[in-house]
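Chemist: Here is what each chain is made of, one letter per residue.
Protein chains: 2
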Amino acid sequence: MLPAILSSPSSSSTSTFPLRYSSPSSLTNLSSLPLTIGCRRTSKKSTHNNCSIRVQASSRMIEKETPETERPHTFLRESDEGSSGDESSKPNSVRARFEKMIREVQDSVCAALEDVDGGGKFKEDVWSRPGGGGGISRVLQDGDVFEKAGVNVSVVYGVMPPEAYRAARPVDNGNTKPGPIPFFAAGVSSVIHPKNPFAPTVHFNYRYFETDAPKDTPGAPRQWWFGGGTDLTPAYIFEEDVKHFHSVQKGACDKFDASFYPRFKKWCDDYFYIKHRDERRGLGGIFFDDLNDYDQEMLLSFSTECANSVIPAYIPIIEKRKDTPFTNEHKAWQQLRRGRYVEFNLVYDRGTTFGLKTGGRIESILVSLPLSARWEYDHQPVEGSEEWKLLDACINPKEWIC
Amino acid sequence: MLPAILSSPSSSSTSTFPLRYSSPSSLTNLSSLPLTIGCRRTSKKSTHNNCSIRVQASSRMIEKETPETERPHTFLRESDEGSSGDESSKPNSVRARFEKMIREVQDSVCAALEDVDGGGKFKEDVWSRPGGGGGISRVLQDGDVFEKAGVNVSVVYGVMPPEAYRAARPVDNGNTKPGPIPFFAAGVSSVIHPKNPFAPTVHFNYRYFETDAPKDTPGAPRQWWFGGGTDLTPAYIFEEDVKHFHSVQKGACDKFDASFYPRFKKWCDDYFYIKHRDERRGLGGIFFDDLNDYDQEMLLSFSTECANSVIPAYIPIIEKRKDTPFTNEHKAWQQLRRGRYVEFNLVYDRGTTFGLKTGGRIESILVSLPLSARWEYDHQPVEGSEEWKLLDACINPKEWIC
Numbered sequence: 001m002l003p004a005i006l007s008s009p010s011s012s013s014t015s016t017f018p019l020r021y022s023s024p025s026s027l028t029n030l031s032s033l034p035l036t037i038g039c040r041r042t043s044k045k046s047t048h049n050n051c052s053i054r055v056q057a058s059s060r061m062i063e064k065e066t067p068e069t070e071r072p073h074t075f076l077r078e079s080d081e082g083s084s085g086d087e088s089s090k091p092n093s094v095r096a097r098f099e100k101m102i103r104e105v106q107d108s109v110c111a112a113l114e115d116v117d118g119g120g121k122f123k124e125d126v127w128s129r130p131g132g133g134g135g136i137s138r139v140l141q142d143g144d145v146f147e148k149a150g151v152n153v154s155v156v157y158g159v160m161p162p163e164a165y166r167a168a169r170p171v172d173n174g175n176t177k178p179g180p181i182p183f184f185a186a187g188v189s190s191v192i193h194p195k196n197p198f199a200p201t202v203h204f205n206y207r208y209f210e211t212d213a214p215k216d217t218p219g220a221p222r223q224w225w226f227g228g229g230t231d232l233t234p235a236y237i238f239e240e241d242v243k244h245f246h247s248v249q250k251g252a253c254d255k256f257d258a259s260f261y262p263r264f265k266k267w268c269d270d271y272f273y274i275k276h277r278d279e280r281r282g283l284g285g286i287f288f289d290d291l292n293d294y295d296q297e298m299l300l301s302f303s304t305e306c307a308n309s310v311i312p313a314y315i316p317i318i319e320k321r322k323d324t325p326f327t328n329e330h331k332a333w334q335q336l337r338r339g340r341y342v343e344f345n346l347v348y349d350r351g352t353t354f355g356l357k358t359g360g361r362i363e364s365i366l367v368s369l370p371l372s373a374r375w376e377y378d379h380q381p382v383e384g385s386e387e388w389k390l391l392d393a394c395i396n397p398k399e400w401i402c
Numbered sequence: 001m002l003p004a005i006l007s008s009p010s011s012s013s014t015s016t017f018p019l020r021y022s023s024p025s026s027l028t029n030l031s032s033l034p035l036t037i038g039c040r041r042t043s044k045k046s047t048h049n050n051c052s053i054r055v056q057a058s059s060r061m062i063e064k065e066t067p068e069t070e071r072p073h074t075f076l077r078e079s080d081e082g083s084s085g086d087e088s089s090k091p092n093s094v095r096a097r098f099e100k101m102i103r104e105v106q107d108s109v110c111a112a113l114e115d116v117d118g119g120g121k122f123k124e125d126v127w128s129r130p131g132g133g134g135g136i137s138r139v140l141q142d143g144d145v146f147e148k149a150g151v152n153v154s155v156v157y158g159v160m161p162p163e164a165y166r167a168a169r170p171v172d173n174g175n176t177k178p179g180p181i182p183f184f185a186a187g188v189s190s191v192i193h194p195k196n197p198f199a200p201t202v203h204f205n206y207r208y209f210e211t212d213a214p215k216d217t218p219g220a221p222r223q224w225w226f227g228g229g230t231d232l233t234p235a236y237i238f239e240e241d242v243k244h245f246h247s248v249q250k251g252a253c254d255k256f257d258a259s260f261y262p263r264f265k266k267w268c269d270d271y272f273y274i275k276h277r278d279e280r281r282g283l284g285g286i287f288f289d290d291l292n293d294y295d296q297e298m299l300l301s302f303s304t305e306c307a308n309s310v311i312p313a314y315i316p317i318i319e320k321r322k323d324t325p326f327t328n329e330h331k332a333w334q335q336l337r338r339g340r341y342v343e344f345n346l347v348y349d350r351g352t353t354f355g356l357k358t359g360g361r362i363e364s365i366l367v368s369l370p371l372s373a374r375w376e377y378d379h380q381p382v383e384g385s386e387e388w389k390l391l392d393a394c395i396n397p398k399e400w401i402c
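Heads up: the sequence lines are chains R and H, in that order. Each residue of the first sequence is one higher than the last, beginning at 1 in UniProt numbering. Each residue of the second sequence is one higher than the last, beginning at 1 in UniProt numbering.
Isolated chain R, as found in the complex (with noise of 0.2 angstroms):
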């Protein structure tokens, strides 16, 4: 459902970066791109010094990062930050509020799950990367409700090969050849696995990425993009809960254009596809990608409306199923859907395949995998069961909310 050049990036992988691109192999020339965090030193590594070598290998594709004691109060460069009279520099310029509301969100969301949690709580990491951006990453991991719980931000600068630039937006002259075209990207990825059988798994991730080359850089007009997507995955259906989780997507939608809900539904489902088993992953939500074709300004209301809605839409059902009694039967069931989860995640989502093909910082990219996952031969619900529900659902996607 995505251009076959200039796609989405990650949808469910939390280190996403918000760059689009298609496959790694349009990408071999982004020698400058520095969309990943190379290796951090550990105790594994100190003695033989491997890390040098990973780092040499793939340094065409990041630059490492470092690691940062505190959080800086923005991870833009400072000419973004300036007044240089170039609009997208100014503080209140789109990539800085976009920063300000995706750290609002991550501070939120992760407040939110500790206060629900009570016991858990989140670790931090942040990083910087010497040219500019950088991250915040943070995990909760073996609460008393969250199984394992990654927010993440990040803000890119990189540089995209001009190929995929044009083939992203094609220029009025076909004959113009631009060079390398820098671009920014930043964004906010989670993915959230609870204990409890009936408590399900949420996924959200919204980004924004601008090209920045020079004002009439001939070839490579300036241009902007919005995409995400929040998304539930439960072990068993209770049809309140989706219900529920569904309305508040479409609410979030409907505030901006009618046809949001429906389309991004439907994109939902078309994404989250594990084709191998002919199954979505769960139960959908909404998914965007490669929006510019709206007002700037009203497309960062709505990813600010839809990232502010994960709260509404999720915690509600944590509360209502985070003690629910569960039998060894119903865990192992949650732990082959997981097995899904990890089948989906490390076979099609663009953003952990990429990320783990260029070098991305891979405790932050496989931060979405469930803490535990199950595979069993040949399992098969018995019909009109309550796991067969749930499968059927995921095979045939319904309409929640009518």
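One or more of the hints may lead you astray.
All copies of an identical chain are treated as equivalent in the list; a pair is satisfied when it fits inside any one copy or across any two copies.
Unchecked claim - Dumping the calculated DSS-like pairs for lysine-lysine here, alpha-carbon to alpha-carbon at most 30 angstroms: (1) Lys-123 / Lys-331; (2) Lys-357 / Lys-275; (3) Lys-320 / Lys-398; (4) Lys-121 / Lys-320.
Since the hints were derived computationally from the structure, they do not count as laboratory data.
Chain R is fixed; fit chain H onto it per the hints.
Modeler: Okay, now just chain H, sitting in the frame of chain R:
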């Protein structure tokens, strides 16, 4: 380490068919390739008829398999058993003897595993394809000793595009353009995951491939290849176990060629490489592919020797470790390493990724995945610990035999 075009197929998927290929994109013309099994009617499918939808969607890549109630004495086409005067069609042909060998290996390995398990029994699925070929999948799940063990054999009659064939084996006259080349492939493939964290996982796969063009077809000479390997993936290192395992592999190799063990040991270390972790999946063994530059009878004997070495290489280790007392921490580390196994198989293993993309029999392909696996955020073993030693050996492959 494999040719860009026509490299090896699966080496760790138990659904592996022994076709040589490079990437799915090079196989889009394989309109009649019956290498995979379609879907089987199950309760989850029966009401929605998704089964037929999936078969339709990927009908150009697969020929649907038919479940069989009994094992046929051979999966070879009748013409391969008769006396057509063609060498490859005789009962003592290499293809016939290879099929006999892999079926005997399947029987002996399954018997040895049931014997050591004590409680678990293999479940068998037999299937055939209308155009010839078929397979036997056997899975032992949740036994006393083994968490999950799959041992599969398959025989495939398919057609490969001339581009693929020519890339593998350039013809003398570059201008000759053969049509699609029929091929024959057969293999045994297995992954065995024990429960005890001190008992290692083993994988083996031996395969034989033949092109099947009529004699003297211009640009399409008859050709054959052997491939295979056996490798060990422990969560903890017992040096005596690893040395024993490698010694048996070396013993099998040395009977044929002194260069085989060092060459195939390195090939194994190179192949089972989790690039995004800069780690090998395990502690290696032997791996080879595209072998045809030796006497065909010698390579048939060599493959047989290797396949017959699985039991003496592996079973004594299991006998020694299956009842070792362990803690929850030991089990958690095993589960983390199982997560790495999943990462390798879903992200890198050629057979698995190809099988998933072409509509193969999912349950056979993914039987290689462990019953359960685990992902912790940023887990780092303490330097010098037993866990660290295993990781160190996966990062820095060692010579186990001096």
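Chemist: All the hints need checking, so say for each whether the structure fits it.
Modeler: Now for the hints, and whether the structure bears them out:
1. In this assembly of identical chains, Lys-123 and Lys-331 lie within 30 angstroms of each other by CA distance both inside one copy and across copies; the values are 26 angstroms within and 24 angstroms between.
2. Taking CA atoms no more than 30 angstroms apart as the test, Lys-357 paired with Lys-275 passes in both settings, with 21 angstroms inside one copy and 8 angstroms between copies.
3. Taking the shortest Cα distances, Lys-320 and Lys-398 sit within 30 angstroms of each other inside one copy (23 angstroms), while across copies they are farther apart (53 angstroms).
4. Proximity of Lys-121 and Lys-320 under a CA criterion of 30 angstroms is satisfied intra-copy only: 21 angstroms inside one chain copy versus 42 angstroms between copies.
The structure is consistent with each of the numbered hints, conforming to all of them.
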